[in-house]
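> Protein chains in written order, with full-length UniProt numbering: chain U, 1 to 227; chain G, 1 to 227.
Just so you know, the hints here were simulated from the structure itself, not pulled from any lab data.
Treat the hints with care, as some may be off.
Since copy identity is lost for identical chains, a pair holds within one copy or between any two.
[To be verified] Only pairs whose alpha carbons sit at most 30 Å apart, straight line, appear in this in silico DSS-like list of lysine-lysine:
1) K33 <-> K177
2) K203 <-> K28
3) K28 <-> K158
4) K203 <-> K159
5) K28 <-> K177
6) K177 <-> K203
2 protein chains.
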Amino acid sequence: MQGTHQPTPRPAAYPVTDRTVPTRAAQKASYDKDLVHAILDEGYVCHLGFVRDGAPVVLPTLYGRVGEVLYVHGSTGSRPLRMAGQTDPGLPVCLTVTHVDGLVLARSAFHHSINYRSVVVHGLAYDVTDPEEKRAALDAVVDQVVPGRVADSRPANKKELAATAVIRLDLNEVSAKTRTGGVNDEPEDLALPHWAGVLPLRKGYGTPLPEADLAPGTPVPDYLAAL
Amino acid sequence: MQGTHQPTPRPAAYPVTDRTVPTRAAQKASYDKDLVHAILDEGYVCHLGFVRDGAPVVLPTLYGRVGEVLYVHGSTGSRPLRMAGQTDPGLPVCLTVTHVDGLVLARSAFHHSINYRSVVVHGLAYDVTDPEEKRAALDAVVDQVVPGRVADSRPANKKELAATAVIRLDLNEVSAKTRTGGVNDEPEDLALPHWAGVLPLRKGYGTPLPEADLAPGTPVPDYLAAL
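Hey, can you work out the whole structure from these sequences and the hints?
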């Protein structure tokens, strides 16, 4: 309406760049922020790539998301975290999160596939030095693994914070890829006698195993039972 | 015994290199071939890292193991596969496989962790051009996902083989990392009222979903039911 203040709409998608435009299967790529956030929020283990002496290194590590920022933490001796602190203006990284949802079994070996959702983030990782941001980042990583856990644990003390390094990676250059649905067999293969379909994958949790030295009577917290 | 022929023992471990010696948590690293093979054989999705224009790229993809060789396949248009075919003597890659076994919930935020098993392979990826090796590699990838499936599907034809690129990565520079067991809390934290222990993770399969156009009466194969 004329004269009415319109808030600037929050962009719903990440910009497409040379690094995030796919070379193939373009129909599977998405830059939708809500989809990217949902995929990231369902996980807590990423694969972090960086370059050392010209060669790639890929390490599994925990992450936490706070709005449009991802945090990764580790020992101050960890190589990528140390490198991020020593690289100006930041360490080039690629952070990837993948969920496998099902196995796609086609009649032809060629058309076998998996159903999955993945997010790939490109950018520069910056060493987090501000104590408040660092503390919030560590909380985000713990709550990413078990939502609600931060409020039910002893916060990091100064010595522990000093022993921990944190990097931040902004969600600027991001793409999601997904495959869903059934088999794409060739028409001439449909009469073959092989079973064809999708085998869904299930993830879940077993029974919580309390520590032997846990105070007797300590109940399993609601946020664990809810997982 | 003197005079008795002794076969050369198969080396039980990968050599330690500058790239596979850990910077920290050294007690978690292993170079044992049997452990590495077991971790690789339990999975079928890896995260493949390579360098493009000086920056790292990490993509999830399927793999198959044949002895001391890993194969990755994809479209001939796939960037890392295309790059491997154009790079002499091969494309530097890092291939990582990770299994998450449990969430480790300590009384202190700092000592939270996960139980996991991972394998990191460094090396050069070579474009596979020999038709027989290529076909065997594709079989290995399919059987890695569902053992026994290759024998129950239509083999790739010439056109499909031509549309598929395969790279090989030899298992030379390899390390495994694992964390198992319970919580490592500080002695002074043991009396805190927080629940502490391990939440095991479970992976499994749902009910197979047959394609709508599957011939009526096609049974679910034994190798699927056995998963």
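> State for each hint whether it applies.
Each hint, compared with the structure:
1. K33 <-> K177: Within. Shortest intra-copy distance 12 Å satisfies the 30 Å Cα cut-off; inter-copy 34 Å does not.
2. K203 <-> K28: Both ways: K203 and K28 sit 23 Å apart in one copy and 25 Å across, limit 30 Å.
3. K28 <-> K158: Close across copies (26 Å), not inside one copy (45 Å); limit 30 Å.
4. K203 <-> K159: neither (36 Å within a copy, 37 Å between copies)
5. K28 <-> K177: Within one copy only: 5 Å inside a chain, 33 Å across chains, cut-off 30 Å.
6. K177 <-> K203: both (20 Å within a copy, 22 Å between copies)
Violated hints amount to a single one, hint 4; each of the other numbered hints is respected by the structure.
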